[in-house]
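S.K.: Sequence:
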Amino acid sequence: MNLFITGPHLLRICLAWAIFYYVFMLIYHSKLSVQRQIFSFTLLWFLSVILNLLLSGYANLLIAVLIYLVLWPDRKVDYYLINIILLSFLVKFWAIILPSPVLMHYFPNPKIVSYGFNLTISLIEFIFSITFVYFYNYFKLNNFFQSRQNPMTSIVLGYIYIICFLFLKLTQSFRNYTALIMGIFGFTILQCLFIIIIFITARRRQRKIYRDRFSEEQVKNLKMYTDQLEKDQLKLRHFKHDYKNLLFSLKTVAAEQNYDAMNQALDNLENYSDDYLKNLSIDLYQDLNNVKNPYLKSLFISKLNTINQKKIACSFNCTDELNNLPMNAFDLIRLLDQAINNAIHFTERQEHGQIQLAITQEDQQLAFLINNSLANLPTTERSEDYLELLHIKDLKKKYSNIFIQHSKNAKWFRFHITLITKEEQL
Numbered sequence: 000m001n002l003f004i005t006g007p008h009l010l011r012i013c014l015a016w017a018i019f020y021y022v023f024m025l026i027y028h029s030k031l032s033v034q035r036q037i038f039s040f041t042l043l044w045f046l047s048v049i050l051n052l053l054l055s056g057y058a059n060l061l062i063a064v065l066i067y068l069v070l071w072p073d074r075k076v077d078y079y080l081i082n083i084i085l086l087s088f089l090v091k092f093w094a095i096i097l098p099s100p101v102l103m104h105y106f107p108n109p110k111i112v113s114y115g116f117n118l119t120i121s122l123i124e125f126i127f128s129i130t131f132v133y134f135y136n137y138f139k140l141n142n143f144f145q146s147r148q149n150p151m152t153s154i155v156l157g158y159i160y161i162i163c164f165l166f167l168k169l170t171q172s173f174r175n176y177t178a179l180i181m182g183i184f185g186f187t188i189l190q191c192l193f194i195i196i197i198f199i200t201a202r203r204r205q206r207k208i209y210r211d212r213f214s215e216e217q218v219k220n221l222k223m224y225t226d227q228l229e230k231d232q233l234k235l236r237h238f239k240h241d242y243k244n245l246l247f248s249l250k251t252v253a254a255e256q257n258y259d260a261m262n263q264a265l266d267n268l269e270n271y272s273d274d275y276l277k278n279l280s281i282d283l284y285q286d287l288n289n290v291k292n293p294y295l296k297s298l299f300i301s302k303l304n305t306i307n308q309k310k311i312a313c314s315f316n317c318t319d320e321l322n323n324l325p326m327n328a329f330d331l332i333r334l335l336d337q338a339i340n341n342a343i344h345f346t347e348r349q350e351h352g353q354i355q356l357a358i359t360q361e362d363q364q365l366a367f368l369i370n371n372s373l374a375n376l377p378t379t380e381r382s383e384d385y386l387e388l389l390h391i392k393d394l395k396k397k398y399s400n401i402f403i404q405h406s407k408n409a410k411w412f413r414f415h416i417t418l419i420t421k422e423e424q425l
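Residue numbering for the sequence shown follows this note's numbering, beginning at 0 and increasing consecutively.
Honestly, I wouldn't trust all of these hints.
[What the hints assert, rightly or not] Here are the simulated distance ranges between beta carbons:
1) His405 - Phe329: 37 to 45 Å
2) Gln263 - Gln349: 34 to 42 Å
3) Asn375 - Gln148: 32 to 40 Å
Note that these hints are calculated values from the structure, not bench results.
For each residue, glycine too, the CB sits at the ideal point set by N, CA and C.
My request is simple: use the sequences and hints to build the entire structure.
M.R.: This is the structure:
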């Protein structure tokens with residue numbers, strides 16, 4: 000605990016934490032209101048200054064925990080928030096370490112405690128931090144950290160920060176062994192880089208495995224689609240042959256002018272045609288030609304085939320061509336896959352179950368509509384309970400242009416996904 004606190008030292012601490020939270024607000028996309036953010040960061044700034052004065056650099060862990068508790072959106076572990084907290088502390092650390100050689104050149108006496116010296120440090124820290132924010136936004140790193148919903152990234156960032164913190168403390172405590180400490184620190188940094196490279200390589204390999212599996216599923220669905228078309232083609236051949244026979248019989252009856260037999264023949268022809276047309280999947284798949292994304296088309300082929308096999312009445316509409324998606328295709332497919340599965344689950348036990356699928360594009364909005372009929376069957380399950388499987392909150396954190404709505408009445412449960420997109424993307 001520091002018993003004697005000078006004015007320049009207090010100014011230095013206040014400015015350092017003000018810069019820290021300013022940078023934090025710029026790179027962390029919070030769901031809190033502006034007023035709530037201002038209040039939260041002001042409170043955190045005040046507490047951080049107090050803890051820093053009492054515990055010096057050892058207060059950082061406690062401050063990090065306070066930040067997480069104040070900004071924690073829900074009970075689920077928020078790895079995005081953890082990553083941004085660790086990243087902000089690393090920026091704060093390097094904003095001091097990197098310009099240190101320049102500062103030592105102009106201020107060789109480490110005991111200087113003037114206002115000018117501390118203002119110079121704060122200015123350099125601010126310039127470095129703003130530069131980091133610029134490159135953070137330029138390379139769209141926020142999308143990267145929002146998509147890391149696992150502890151691996153947090154572990155890597157935490158490990159790097161601990162190494163940096165230990166290096167700083169060892170350098171301050173053992174000035175006579177600076178060269179040795181620098182060597183150990185350099186080796187540790189190389190080790191960190193090696194770990195990061197292994198981590199990135201493993202992620203890419205995992206992504207490639209996922210894409211390969213998805214491609215296999217796509218080939219399987221396309222084969223399913225082709226097989227269905229072949230069956231329809233075979234039915235068409237039989238229908239053509241039988242239709243000719245029925246027309247020949249109708250001509251024979253007409254020639255005999257037997258009106259009762261003629262009416263009977265017409266009824267047979269109508270019933271046979273209706274039965275044939277009802278068992279064709281052509282109408283169900285016809286709008287798939289407008290879905291140009293191969294992964295999305297594969298998903299709808301698979302789901303429409305499943306619905307058709309379960310004898311569920313279904314309609315699929317996509318009147319406009321769909322080429323590009325305003326979000327990651329795999330995230331959208333996972334969402335649609337589970338949503339359609341939910342509709343199938345609640346419809347397959349109904350005697351006259353219906354599912355309506357549609358893709359609409361209007362006024363820079365791309366919408367996916369999934370409606371399923373409801374029945375008064377004895378069950379303890381609710382449609383709303385299955386919405387948790389869709390990870391809607393995680394998607395809303397990751398994508399600011401996605402809006403998900405659901406509603407129901409006595410007959411229908413409606414689930415709508417709306418994506419805001421630019422006109423040129425469609």
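S.K.: Determine for every hint whether it applies to the structure shown.
M.R.: Structure-based check of all given hints:
The hinted range of 37 to 45 Å is not satisfied by His405 and Phe329, whose Cβ atoms lie roughly 22 Å apart. Checked against the hint of 34 to 42 Å, the pair Gln263 and Gln349 passes, with Cβ atoms roughly 36 Å apart. Between Asn375 and Gln148 the beta carbons are some 38 Å apart, a value that agrees with the proposed interval 32 to 40 Å.
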